[in-house]
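> The chain contents come next:
There are 2 protein chains.
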Amino acid sequence: MSKVRVNSFSVSLDGYAAGPNQSVQNPLGIRGPELFQWFFSTRTWKYMQGQEGGSSGVDNQWAERGMENIGAWILGRNMFGPVRGPWPDESWKGWWGDEPPYHVPTFVLTHHPRQPLEMKGGTTFHFVTDGIDAALQRARDAAGDKDVRIGGGTATIQQYLRARRIDELHLAVRPLLLGSGENLFAGLDLPALGYRCTEHAPTDSALHILLKKET
Amino acid sequence: MSKVRVNSFSVSLDGYAAGPNQSVQNPLGIRGPELFQWFFSTRTWKYMQGQEGGSSGVDNQWAERGMENIGAWILGRNMFGPVRGPWPDESWKGWWGDEPPYHVPTFVLTHHPRQPLEMKGGTTFHFVTDGIDAALQRARDAAGDKDVRIGGGTATIQQYLRARRIDELHLAVRPLLLGSGENLFAGLDLPALGYRCTEHAPTDSALHILLKKET
Chain A
1 MSKVRVNSFS VSLDGYAAGP NQSVQNPLGI RGPELFQWFF STRTWKYMQG
51 QEGGSSGVDN QWAERGMENI GAWILGRNMF GPVRGPWPDE SWKGWWGDEP
101 PYHVPTFVLT HHPRQPLEMK GGTTFHFVTD GIDAALQRAR DAAGDKDVRI
151 GGGTATIQQY LRARRIDELH LAVRPLLLGS GENLFAGLDL PALGYRCTEH
201 APTDSALHIL LKKET
Chain B
216 MSKVRVNSFS VSLDGYAAGP NQSVQNPLGI RGPELFQWFF STRTWKYMQG
266 QEGGSSGVDN QWAERGMENI GAWILGRNMF GPVRGPWPDE SWKGWWGDEP
316 PYHVPTFVLT HHPRQPLEMK GGTTFHFVTD GIDAALQRAR DAAGDKDVRI
366 GGGTATIQQY LRARRIDELH LAVRPLLLGS GENLFAGLDL PALGYRCTEH
416 APTDSALHIL LKKET
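Chains as they are written, first to last, in the numbering used here: chain A, 1 to 215; chain B, 216 to 430.
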């Protein structure tokens, strides 16, 4: 059965999934990249970058698991790029260059319509203006038997969690403090929404956590 | 040099240090005791309870470290007991029976004066009505060369963190969600207050974290 998943979502001890002052220069906010140090060292990440090497231990197992069996992605608009308001033109094509790391249909939540954008390597960005459930339906249709992965950012994941649309969520809790930015847990009562921790695996770089929705 | 410390302070993934609905029956709130499972299994805890056995690994090392070299404790009133407002009488003597686990002078923050309360085993509760700095000064004087440990609860630790009075804080982050209750991180920007994570040790039961104030 096809699932709706979040994977490799990194948060600080104090719950921040991005640092403050996100910008073109700092897409993850100030100090945001520190959240992903566990990931950047893995073989999975290196492979995604066309590089060799990288770690193959527990961190990599979680990273790898996150990339398996995905038929479609959903991204919030701020994760797609820094442009706000109506699209001034078609020039912004995401943070990832000509060949984004998705390789499947990828649905971008936005209030402003835009034509689909076909990239190299199988990624096509579709811009969805009629809300999270419409985006999810289109992603499910595109994914077929495979899973839908919600990439982020924080506000998008929070919306899908509140609507109880996410089946499982892998968090990587990092041993650092950010203090401000985008807080995953703020205003969310996850147990009340039916989520509980069903798996955990500590490594030297992160505490990996699997949250599942009870049916 | 004498330090002001917090130790073995357990928080959920979503930052809660106590569950909701604290009461005489549930001093740690609903599901609060799950936060302390890592601690209840240690030799240090068993010893404090007059029992034998218990684990002696990394969890116990952190628990043990928390009990070393303490010359005085500070507790918030809600950690001392469920009584609110003026003390109706002298009958409430804490949660811990005749012989509390402190064994040194212990300063209780309250707005309502009360005579000192001498218990068995070296614990004397002193009730301090003139604020957190007055309590800290009295605790420092009582502790001499030893450290002052702030026991909690969450609101008390938050106040001392905001005032930058805490030198180091050991958190045990537990792989579970509480969703509501007393949140340690809410409204606190710890890096802005000068705190950073200087040590971390994952075990199967908790991610142990040491936060230190940069001088």
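None of these hints come from the bench; they were simulated from the model.
Be aware that a few hints might be false.
[Claimed, not checked] DEER-style ranges, computed between Cβ atoms:
1) A/S56 / B/D348: 50 to 56 Å
2) A/M48 / B/G409: 50 to 56 Å
3) B/G265 / A/E52: 41 to 47 Å
4) B/T413 / A/H112: 33 to 39 Å
5) A/P113 / B/K427: 38 to 44 Å
6) B/R280 / A/Q61: 28 to 34 Å
Note that the structure is a prediction, hence the values are computed from the model and not measured.
All C-beta atoms, glycine included, are put in the ideal place defined by N, C-alpha and C.
> What hints, given by number in increasing order, does this structure fail?
Of the numbered hints given earlier, those the structure breaks are 2, 3, 4, 5, listed in rising order.
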